[in-house]
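The listed protein sequences derive, respectively, from chains G and P.
According to the working numbering, numbering within the first sequence proceeds without interruption in unit steps and concludes at 117.
According to the working numbering, numbering within the second sequence proceeds without interruption in unit steps and concludes at 114.
Quick caveat, the hints were computed from the structure, so don't treat them as lab data.
Don't take every hint at face value.
[To be verified] Chain P side only, calculated, beta carbon under 8 Å to chain G, not exhaustive:
1. Arg17
2. Glu42
3. Thr45
4. Phe46
5. Ser49
6. Ser85
7. Phe89
8. Gly100
9. Phe104
10. Gly105
[To be verified] Some chain G residues flagged as far from chain P (calculated, every beta-carbon gap over 10 Å):
11. Thr13
12. Arg41
13. Arg64
14. Phe65
15. Ala72
16. Ala88
17. Gly109
Idealized CB from N, CA, C, for every residue including glycine.
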Amino acid sequence: DAGVIQSPRHEVTEMGQEVTLRCKPISGHNSLFWYRQTMMRGLELLIYFNNNVPIDDSGMPEDRFSAKMPNASFSTLKIQPSEPRDSAVYFCASSLVLTSGHTDTQYFGPGTRLTVL
Amino acid sequence: DQQVKQNSPSLSVQEGRISILNCDYTNSMFDYFLWYKKYPAEGPTFLISISSIKDKNEDGRFTVFLNKSAKHLSLHIVPSQPGDSAVYFCAASLLNTNAGKSTFGDGTTLTVKP
């Protein structure tokens with residue numbers, strides 16, 4: 001199993017540009033999470049999906065951030081327009097939630113390091 | 001309001017000694033707790049977990065203790081090895097709700113000196 005795949009691994013862009021981060025969860029997993037890690041705020045949950053449906057986006061910092069999950073094997077996190085304060089490592093994670101409600105642990109991707117100049 | 005707190009940003013121990021990482025939570029409804037380990041340039045990986053019906057779970061050199069009355073859990077690593085040097089995140093969940101969502105602490109950076 002390839003694990004959670006994220007692309008790109010590194011992104012450097014200029015303020016005002018659109019940034020799209022991509023994630024392929026582990027096959028068979030039905031929950032997907034987007035996190036942001038910074039020195040100041042630790043590991044923040046931005047949004048998560050269950051069965052491709054957004055469940056909670058209360059962690060999304062602003063309207064500049066949006067996330068989609070068009071199918072079970074792909075999700076995107078978009079920032080438009082990007083700002084220097086968006087510079088961080090963005091992680092995607094997936095897990096399997098059973099119909100009983102019991103959840104497996106989360107499996108994280110390697111992250112995308114975003115730098116906005 | 002931060003529901004999961006790791007008050008020590010860093011910890012340094014000598015190889016062979018015990019490492020104790022602490023975590024406090026505020027939401028008494030949490031019923032499942034996890035520890036993740038993160039190396040530089042990698043995503044966090046699951047280490048060990050404990051259900052609220054237990055007060056201890058052991059896996060090799062790693063033991064997690066849960067004190068529900070104090071809303072406190074700790075991770076013990078015995079003996080510590082240089083390869084254990086990493087950032088450790090504590091996380092808390094509500095089983096059977098929230099589609100597997102976990103709330104994470106800020107992490108503690110463990111350094112094990114040879």
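Tested hints:
1. Checking Arg17 (chain P) against chain G: minimum C-beta separation of about 26 Å lies over 8 Å; hint violated.
2. Against a cut-off of 8 Å between C-beta atoms, the interface hint on Glu42 (chain P) holds, since the closest Cβ of chain G lies about 6 Å away.
3. Interface hint status for Thr45 (chain P): upheld, as the beta-carbon distance to the closest one in chain G is roughly 7 Å, under 8 Å.
4. For Phe46 (chain P), the suggested interface contact is upheld, since its CB lies about 4 Å from the closest CB of chain G, less than 8 Å.
5. A distance limit of 8 Å between C-beta atoms decides the matter here; for Ser49 (chain P) the minimum to chain G is near 7 Å, and the interface restraint holds.
6. Nearest Cβ of chain G to the Cβ of Ser85 (chain P): about 18 Å, over the 8 Å cut. The hint is violated.
7. Here the hint on Phe89 (chain P) is kept, as its CB sits about 6 Å from the closest CB of chain G, short of 8 Å.
8. With a least beta-carbon distance of about 4 Å to chain G, the hint placing Gly100 (chain P) at the interface is held under the 8 Å criterion.
9. Given the 8 Å rule on beta carbons, the hint for Phe104 (chain P) holds: about 4 Å separates it from the nearest Cβ of chain G.
10. With 8 Å as the threshold, the beta carbon of Gly105 (chain P) comes within range of chain G, its nearest partner Cβ sitting at about 7 Å, so the hint holds.
11. Its beta-carbon lying about 20 Å from the closest one in chain P, Thr13 (chain G) satisfies the requirement of being farther than 10 Å from that chain.
12. Under the 10 Å C-beta cut-off, the non-interface status given to Arg41 (chain G) relative to chain P is violated; the minimum distance is some 8 Å.
13. The claim that Arg64 (chain G) is not at the interface with chain P holds, since no C-beta of that chain comes within 10 Å of its own (minimum 23 Å).
14. Distance check for Phe65 (chain G) against chain P: the nearest CB is about 18 Å away, which clears 10 Å, and the non-interface claim stands.
15. Its beta-carbon lying about 14 Å from the closest one in chain P, Ala72 (chain G) satisfies the requirement of being farther than 10 Å from that chain.
16. Distance check for Ala88 (chain G) against chain P: the nearest CB is about 14 Å away, which clears 10 Å, and the non-interface claim stands.
17. Not every Cβ of chain P is farther than 10 Å from the Cβ of Gly109 (chain G); the closest lies at roughly 5 Å, contradicting the non-interface assignment.
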